[in-house]
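As you go down the protein sequences, you meet chains D and F in turn. Sequential numbering of the first sequence, starting at 5, is according to our numbering. Sequential numbering of the second sequence, starting at 4, is according to our numbering.
Honestly, the hints are just simulated from the structure, not real lab data. Glycine residues also receive a C-beta, built at the ideal position from the N, C-alpha and C atoms. One or more of the hints may lead you astray.
[As the list claims (entries may be wrong)] The following label-pair restraints were derived from C-beta to C-beta distances: (1) F:65 <-> D:164: 52 to 60 angstroms; (2) F:112 <-> D:91: 50 to 58 angstroms; (3) D:222 <-> F:123: 23 to 31 angstroms; (4) D:116 <-> F:13: 55 to 63 angstroms; (5) F:53 <-> D:172: 51 to 59 angstroms.
[As the list claims (entries may be wrong)] Lysine to any residue pairs mimicking SDA-like chemistry, simulated, CA-CA at most 25 angstroms apart: (6) F:175 <-> D:277; (7) D:190 <-> D:292; (8) D:122 <-> F:143; (9) F:15 <-> F:354; (10) F:9 <-> D:304; (11) F:15 <-> F:286; (12) F:9 <-> D:307; (13) D:243 <-> F:143; (14) D:243 <-> D:277; (15) F:248 <-> D:277; (16) F:248 <-> F:213; (17) D:122 <-> D:227; (18) F:9 <-> D:300.
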Amino acid sequence: MDLSAINPVLLFASLMVAATPVLIAAIGELVVERAGVLNLGVEGMMITGAICGFAAAVTTGSPLVGFIAAAAGGAGLSLLFALLTQVALANQVASGLALTLFGLGLSALFGQNYVGLKPPPTARLDIPVLSDLPVVGRIVFGHDPVVYFGLLLLVAVWAFLKFTRAGLVLRAVGENHTAAHALGYKVVRIRVLAILFGGACAGLGGAYISLVRVPQWTEGMTGGAGWIALALVVFASWKPWRVLLGAWLFGGVTVLQLNLQAAGLEIRAEYLSMSPYLVTILVLVIMSGHRSGSPGSLGRTFHASQ
Amino acid sequence: MLRLEKRPQPSKTLSYVTPVLAVLITMVAGGALFAALGKDPVVAIRTIFWDPLFGQFAFYYLPQLLVKAGPLILIAIGLSLGFRAGIWNIGAEGQYILGAIFGAGVALACYPLEAWWIFPLMVIAGAFGGFLWAMIPAILKVRFGTNEILVSLMLVYVAEQLLASMSIGLMKNPDGYGFPGSRNLQQYPSAHNAELIPDTGLHWGVVAAIVVAILAYILLNRHILGFQIRLTGEAPRAARFAGVKPPRLVLVCMGTAGALAGMAGMFEVAGPAGQISAGFNTGYGFTAIIVAFLGRLHPFGIVLAGLLMALTYIGGEAAQSALQLPGAAIQVFQGMLLFFLLAVDLLTNYRIRLTKRETA
């Protein structure tokens, strides 16, 4: 094998790209879980976003429209979850699984006519001077806008949760829904909004895979990214900045194993492909020691009985 | 205005009625979906639910019903034990794959020896493979408190890669002219999980499913362990006071589910599928989750639900060839079923009351 074929600069540059879908999806799920709702349907919403975005982008020729459609698709599917868990008071674990199974089927159905098509390319930002800097220019600048959008979203969510009144209310609902209800906050309304936000983020993350990272449509193409996003939230102890760390770690492992496959390492490709999942399990084990950050009402059904 | 009032006890009658109601609503919604796809909804529903049972080609479809229902029931019964106790093993698909790899491994190691003990040994190996794979999330949960949902699911992707590597590496057929995939176990009499009665679809996996359903019923209703499982699910605090040890319960429930899923995989690879190949697993492990819920986590309910779900599979295939209905439409249909099931469950646990708007 030839390790010199791996270019560290390109490696770090593609790490940012590989981390983006799980990063965006995980930020959305973080908000949902901070509101006290466990939505296991991230995978289903991501793949729905992937096909909605792909279909819209191919039809209109505009990636921007694609991403908007993806967010709408993901949010639309999450609305079903919101109805089930917040109105019909169904079990959140089971409803999340249902959402994933349904989303996988729905996307396969919609996607039949889009197999083998090419989406319109998403332009890279080309900032004069900055993008031409050696090393840094390639790693930090010169990505497509969605990469930066993901980072901005992270900062926005962090600031929202930490500094705004609405963020405080959302966290209160997640920590203790009975107390929040007693204080007069609309627990169900806040949670539905959080779920919709999470759905839109998952949709965007999925569309990033089908429009930029791959870029084409194949059935089941998210390949567990939604589950990894869920694991990232646990890894991050429900803190926004740690999500970024986790996403980069995951992106790094993904990119590294792809590079090793290309470099012809003496290990079968299948075993290398396992590594992102194995690393995720390892990280979950390491992090499970300190689970202080878990919201108090996470996963519990709220019903305002008199 | 409508108001929900929690029932002191979930309604017994409604817990039997709601699955049927969910199936009926799904048929209506599914019909709408098929109409949206430009198919006649009535014909589509009839092709899926009626024709395989009573139609002209029923003789072809009926055996398929058992072939598909067998693994679904085996896996779902294992899962239902854990689900009852709030232990969420959703990686049955991976345990199913490992069972197949272990079972086929025994057969391929013995090839071309013919002996009576090969098949029983394969069953044990298959169950052991699934058990081992399920023990990973179980032990991690017990020892480190790791989330079993995420770990068991991650292991599905690992198992799929392992399967792919087996089919082109270690288990590849040396006489296969370079094609991926193992030897075909259907052509190896000692390892073949053949039909017990020709043209019925009844193989050892189906027999195992029925036996396991009966055993699970006895376990849940007559054994202290079954009582502990039910108690933990319904009142975790009371269970702790009653001396239930949660770690033990996690190991038992996950282990049983893994072993059963592994057995299902082994019966499949030695029978209907025949060989280890990259596309061997077809999502039974995930559909079994729907089956478990549709059967109300009750062993006999699961048998009925497994048969119904098998019917949607074969009906779906029939509709695919007769009406050119896309295969994914059936997947959507199955997902919808779980949705409606969860939604109508509201009626079991809550009463809907009409009240005048009260002033706060």
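Structure-based check of each hint:
| no. | hint | result |
| --- | --- | --- |
| 1 | F:65 <-> D:164: 52 to 60 angstroms | holds (58 angstroms) |
| 2 | F:112 <-> D:91: 50 to 58 angstroms | holds (55 angstroms) |
| 3 | D:222 <-> F:123: 23 to 31 angstroms | violated (41 angstroms) |
| 4 | D:116 <-> F:13: 55 to 63 angstroms | violated (41 angstroms) |
| 5 | F:53 <-> D:172: 51 to 59 angstroms | holds (57 angstroms) |
| 6 | F:175 <-> D:277 | holds (20 angstroms) |
| 7 | D:190 <-> D:292 | violated (32 angstroms) |
| 8 | D:122 <-> F:143 | violated (43 angstroms) |
| 9 | F:15 <-> F:354 | holds (13 angstroms) |
| 10 | F:9 <-> D:304 | holds (15 angstroms) |
| 11 | F:15 <-> F:286 | violated (32 angstroms) |
| 12 | F:9 <-> D:307 | holds (9 angstroms) |
| 13 | D:243 <-> F:143 | holds (23 angstroms) |
| 14 | D:243 <-> D:277 | violated (28 angstroms) |
| 15 | F:248 <-> D:277 | violated (37 angstroms) |
| 16 | F:248 <-> F:213 | violated (30 angstroms) |
| 17 | D:122 <-> D:227 | holds (20 angstroms) |
| 18 | F:9 <-> D:300 | holds (23 angstroms) |
Of the numbered hints listed earlier, those contradicted by the structure are 3, 4, 7, 8, 11, 14, 15 and 16.
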